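Student: Sequence order for the protein chains is A and B.
Following the numbering used here, the numbering of the first sequence begins with 1 at its first residue and continues without gaps.
Following the numbering used here, the numbering of the second sequence begins with 1 at its first residue and continues without gaps.
Just so you know, these hints were derived from the structure itself, not from any lab.
Being a predicted model, the structure only gives us computed values, none of them experimental.
Where a beta carbon is used, it is the ideal one built from N, C-alpha and C, also for glycine.
Treat the hints with care, since some could be wrong.
Partial chain B-side listing against chain A, Cβ under 10 Å, derived [as the list claims (entries may be wrong)]:
| # | residue |
| --- | --- |
| 1 | Arg57 |
| 2 | Trp61 |
| 3 | Tyr64 |
| 4 | Met65 |
| 5 | Val309 |
| 6 | Gly312 |
| 7 | His321 |
| 8 | Asp323 |
| 9 | Ile326 |
| 10 | Lys351 |
| 11 | Asn354 |
| 12 | Thr377 |
| 13 | Glu378 |
| 14 | Thr381 |
| 15 | Gly390 |
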Amino acid sequence: MKKTVFSYLGHTVAHEVPTCPKCGKVFIPEELAEGKMAEVEEQLEDK
Amino acid sequence: MTVSSHKESANTSSVCPVCLKRLPAAVVRRGLTYFLEKECSDHGRFSTVVWRGENPRLEDWGNYMPPDEPAEEQPDCPSGCGLCAGHLQKTCCVVVEVTQRCDLKCGYCFAQSGDGSTDPSVAQLSASFRALVENGNTFVQLSGGEPTVRNDLPEIVAAARDAGCENIQLNSNGVRLGKDRGFVKALAEAGLSFVFMQFDGLDDRIYESLRGRPLKAEKLAAIDACAAELLGVTLVPTIVPGVNDQHIGAILDFALSKSPAVRGVHFQPVSYFGRYPQPPRDSKRVTLPEVLSAIEEQTSGKIRIADLVPSGCDHPRCGFHGDFVILPDSILPLTSKTGSSCCQAEDSHLKNRNFVARRWKRTTTACEESCCGEDYTEMDTFLARIKSHGFTITAMAFQDAYTLDIERLRRCSLHVFDNGNLIPFCARYLTPSQG
C-alpha cells in the first residue's frame, strides 16, 4: 500500500492504494474510483 | 473639471415603474456606475443605479449573451408570465405561498400580508405539490407571509414529502422557531430539509429599523432550535445602505462560527416592492459589486471577491455564489479553483438544485461532525469535513419596477407557483410605484 496524492480541480487529497513493489505503479480499485473518488469530484465540482 | 464617460453598454427592455407598461431600456455607464434607463411617454424618464464600481467590472461578470432574435419574436414579459417558450431557464426552486399572514410588519418585504381567510388548505397544497413533482419540480420553498403562523405547517411539510418533493425549504423570520421547540421538532420529523432564515445582523437597531422591533435574541434562539433538530439554517440578510451594509463582515463571522448548524449566508440587496410614491434614491440601493467588495473588506480578506463567481443558474447580474469548507483554523474556498461555472448550460437548474441541497441540508450527526480526523488532506477526512462543514456564500439581487431588466428576468430559475402557473419571482412580486 502506498499513500497516493489525487488532484482534481486544483485540490489534492491523499489515500492509500495498492502499489506494485517492483515498478511502483498504483492500482485504483473500481470500488474506490466509483465510490470515494467520485464523491470527492462531486463535492469539488461547481454547480 | 469632472470628466464623465457615457456609454450605452447593453440594450434591453424594462417597465414603467408607474404603469408597468413595457419599455425599451438601456444599461448606461457613467464613470464607474451603471444605470438602467427608460422613458415612458406618460410618466417620464427613469434612471436607476444597477452596478457601482469596477471590482468586478460589469463587463467581466459572467458570460451571458442575450439571444439573437428579432424584437417581434421576443416574449411579452412580464405581462405574459407564466413561463413561455421565450423563457430561457428551467425551474430550480419553486416558491409555494402557504399563507398571506405574517407576525411581523417589515418595511422591506416582497410579500403582502393578509388575514388568513385565503390560506390554501393542506389538501389544496398537496395537489399543488403533486402537480409540481409530476413536472420534475422537486425543490419547493414554503413561503408566505410567514409560514410558521400556520399550526398545520408540519402537515404541509409532510404533504410535500409524500408528494415526492426531495428538498423542502422553509422561508421564515424565525420568530416562532425560536420559541416553540416542539413545532421545530414536528417540522423536522415531517421531513423539512432546511431553513432559509431572515437574519439582518447582530445589532437590534438593525431589526428595529427594518422589522419594526428588536429580534436578535429570537433569531439566535431559532438557530439553536434548528440546530437541536439538525435542521440546516441559511442566514438571509436584506442589505440596506446605512442600516446594515457595514455589518456584512460581522454577519459572516457569526455564521462561520455557527457552522455546521448554519450552512451559509444568502445576501439580498434591498429592492423596493409595494408603494413608493417617490422613486427610491440611488443612495438607498446597494449593488452586487458593492456587496462583493464589502465581503472582502469586512472579513479582512478572509473571503475574497475571487472566491465568489456569478450565478450560473440565473442571469450573472442576478447573483453570485461561493462554495467553501470550514476547517478548524481556516476556511478553504472551493469555487475559485473549479474554473468557470456552467452558465447557461442546459442542466444548470438541476446542478444548482443539487448544489444547494448538498450544502444547505445538514446530513451528518453531531457525533460525525466532531469525529473527523486531523489531516484534511486525507481523502476520508476531507470528505467527512466537506459534508459536515460545507458552507456557501450566495447572493440574489431581486428586481423591482425600477430595476427590472427583461434579459435578467428571462434567465430566472426561481419561480412562484400561482394558480397552476410558474411565474418568475421578480415578475410575480412586481408592483407599480403606487402600490
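Student: All hints, please: hold or fail.
Tutor: A quick look at each hint next to the structure:
1. Arg57: violated, 21 Å
2. Trp61: violated, 16 Å
3. Tyr64: violated, 16 Å
4. Met65: violated, 20 Å
5. Val309: holds, 7 Å
6. Gly312: Hint on B/Gly312: holds, closest Cβ of chain A at ~6 Å, below 10 Å.
7. His321: Where the cut-off is 10 Å and the nearest Cβ of chain A is about 7 Å from B/His321, the hint holds.
8. Asp323: Given a least distance of 7 Å, the restraint on B/Asp323 holds.
9. Ile326: At about 14 Å, which exceeds the 10 Å cut-off, the nearest Cβ of chain A leaves the hint on B/Ile326 violated.
10. Lys351: Where the cut-off is 10 Å and the nearest Cβ of chain A is about 5 Å from B/Lys351, the hint holds.
11. Asn354: holds, 7 Å
12. Thr377: With a closest approach of 5 Å, the B/Thr377 hint holds.
13. Glu378: holds, 6 Å
14. Thr381: holds, 9 Å
15. Gly390: holds, 8 Å
Violated hints, in rising order: 1, 2, 3, 4, 9; the structure is consistent with all others.
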